[in-house]
Amino acid sequence: MSNIVFYTNPMSRGQTIRWMLEEVGEPYETHILDYAEKMKAPDYLAINPMGKVPAIVHEGKVVTECAAICAYLADAFPAAGLAPRPHERADYYRWMFFAAGPVEASVTNRAAGFTVEPGRERMFGYGTYDLTMDVLEGAVSGRDYICGTRFTAADIYVGSQIDWGLMFGSMPDRPAFATYVERLRQRPAYQRAKQIDNALIAKMQPPAG
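Following this note's numbering, the numbering of the sequence shown begins with 14 at its first residue and continues without gaps.
The set of hints was computed from the structure by calculation and includes no laboratory data.
Calculated cross-link-like contacts (lysine-lysine; reagent style DSSO-like; alpha-carbon spacing at most 27 Å):
no., residue 1, residue 2
1, Lys74, Lys53
2, Lys51, Lys74
3, Lys65, Lys51
4, Lys216, Lys65
5, Lys65, Lys207
Please model the entire structure based on the sequences and the hints provided.
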């Protein structure tokens, strides 16, 4: 019986955590929540008062926020080999939380039509969208993975951001991004996770005609 409960919607950032869970390889129980009702229902708000997914419950403890869930699961299940080794910690934490902070903020602000006015860059943790994309490009250039030659949970989180960004046009289609993401898309756990979520999305679509 699983001791991981996963709350998600296949059309959400829950796809990142689905991939992480498939990489971990432990059994998990999935609860699919719709945006209109179940995410705002009292029983789920008791788990995540933000009323959003994803969230996990592991051994009675709630973890929310994608980067935190990835880091938590990597530590909770060390046999999966997704946590950083001592010499990898600097790159692991730096780039995972760079993606959770500056990348997430710059991309979502831009998608919402908000741009930083010249001279006010210091008010925002990412400065400008273009600067953030340049720095992110540098992080994935000249190496196979975020920490060098070994795949870790940081690649799941950073890679999901870039994968999503290229798919929906919210990030520039740069060769370094495409090369990095294509490497990640070959992973069996990535492919399993996408197959599961794509099947769920297909079931949620209204019948044709």
